[in-house]
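The two chains are supplied separately, each in an independent frame; assemble them into the complex guided by the hints.
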Amino acid sequence: MLLITCPHCGPREESEFSCGGEAHIARPLAENGLTDAQFADYLFLRDNPKGLFLERWRHTAGCRRWFNVARDTVTHEIVEFYPMGSTPKSKAGKAAHAESWRRDTAAEAAARPAPKSRAKQGVGS
Amino acid sequence: MASAASDRGRPPGRTALAGKTPRTTDVPDGARPGLVISELAHLGKLNLRGGDGIVPAVRKHTGCDRLPGNNRTVTVGDRTLVWLAPDEYLLLCEAGQEGHLHSQLMIDLASVHAATTNVTDALCAISLRGPAVRQVLTKGCAIDLHPSVFTAGMCAQTMLSHAAVTLIAGESDRFTLICRTSFAAYVHDWLMDAGLEYGASFRG
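These protein sequences, in sequence, are chains A and B. Using the working numbering, the first residue of the first sequence is number 386, and each one after it goes up by one. Using the working numbering, the first residue of the second sequence is number 4, and each one after it goes up by one.
These are computed hints drawn from the structure, not numbers from a lab. Treat each hint with caution, since some may be false.
Stated by the list, open to error - Calculated pairs, EDC-like style, for lysine to aspartate or glutamate (alpha carbon to alpha carbon, straight line, at most 20 Å):
id: 1; chain 1: B; residue 1: Lys142; chain 2: A; residue 2: Glu399
id: 2; chain 1: B; residue 1: Lys23; chain 2: B; residue 2: Glu42
id: 3; chain 1: B; residue 1: Lys142; chain 2: A; residue 2: Glu398
Keep in mind it's a predicted model, so treat the numbers as computed, not measured.
Excised from the complex, chain B in its bound form (with noise of 0.2 Å):
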């Protein structure tokens, strides 16, 4: 575990997508692009293991007042928890904020049955905008992403063509979509090609 005080100081290094060039595909009806893909470079993310007792120290450093229930997030400012299975979470944090987060976390879940890990680098975050979203997204993935069944403030781990991903719906048809760093670069190129027909962007 490197220190807090040398992450904090040290200059964020290359992100999972950052070889892949900014482009927009042609857009059917020179409309908007119907899928505007762009990485969320360096998101803090947490992974947080623990039950009840982990409240206090969540409460403390999120502003979050309860865990979130199954298949749910919980967003307080630009913190948000995601629920991943019972007894275990990912925190999302502000860039660069992720070392000083997981030091006071471990300071403050000493003495709690809880564990909490650093995996800002392990996965790639990436947002997901633009009128047809939906329709892409269904293409890979099984679960129902009816805009009345998958509402915003939901989560779901699941299965995008073959890559393990987390998708969180946020307002007004943003999502984001966590997978593996080393998939990083699949996922792309998928969600590139199926918004192919809708217009795709991805904007770096």
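For reference, chain A alone in the conformation it holds in the complex (with noise of 0.2 Å):
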């Protein structure tokens, strides 16, 4: 059993927390046109690492907030809290973000406001 301190109670057991899974998911916006294949990196593939996994996670049974969390898979060490909608502060949480396959994905790019060229382009077209 882990003891995760939340950043909100303190030291509480595993089992009130619920892990919600990869965090730093961004969801393709719908200007952007994607293949099905790309849109399947954002809708159905998940990172498994073997080392620091940044994840998000929830303390269902007490404050019921979600934050992120950067986790080691291998020693279950967590090496930082940080909020939702924020990016890791810690070198090692930097780089497992920076280092994520996802950072190059198609549907990641997606995820940002097309080009405004671009865009004019569509609307002529």
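Below is the structure:
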């Protein structure tokens, strides 16, 4: 049993928490055309690394708040907690975020608003 | 939302533990029971969501000058504000006053980004006292309940043997346990069983 330190409630046992899976999966925007295979990267494919993994967790039985956790899947060491909507602060966490295969996917690029010039082309064509 | 006036005039209904018979188990050495359980019938409970903007309304209706910090409660007179989460509090008030208090808070919080919900009948409040109260709770709860750690004025939302509960520590080892009404019978049965070795008493 892990003892997890909730950023709001303090140390609590693992069974009070739910793991929400991989963090930092940005939803592609509708105006960005993606192939089915590229959309599948966003919808279905999840990372399963040996080592540091950036996850979403929720303190279900306590404050019921979501937060991000950088957890080592080998040692179960929790390197850091950081709020939803932000990226890791620790050196190891930053590296794990930057090295994720997801950073290079078309799905993640499509989560940012399309460049204006391309949008104009779309209207004209 | 029922009107406050009709709430105040309505006779209180059946409570969550109304079906449980008061009883006391054998006390090992003939001493006082280690755990004494009683239902805080109809204790008023309001869920309050909001940031610092709710402080003036809270001060007006409870006398609390500030919102409780994490895992803390603030009590002024008969009213207690319990921290539940960032931006979320539980306001405990005198039985029968919750409807009036709720409508007053609705008026005073109208211009603030906040929400208040009357959860009086959704939750059951149980008073726990006796010399063995911490030992009994420790059997079903993983948080550190040592008197030097979980001190008076602290609160925690946690699991007590599969039931989600809010534990509030009062003065001289008196605890208030708040659980869902639908879990109240289970929590009562579990407490009576867990307290068996110290002697347990349910006073109704």
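Structure-based check of each hint:
Between Lys142(B) and Glu399(A), the direct Cα distance comes to roughly 17 Å. Compliance with the 20 Å bound is thereby established for this hinted pair. Our distance criterion of 20 Å between C-alpha atoms is met by Lys23(B) and Glu42(B), whose separation comes to about 10 Å. Our distance criterion of 20 Å between C-alpha atoms is met by Lys142(B) and Glu398(A), whose separation comes to about 14 Å.
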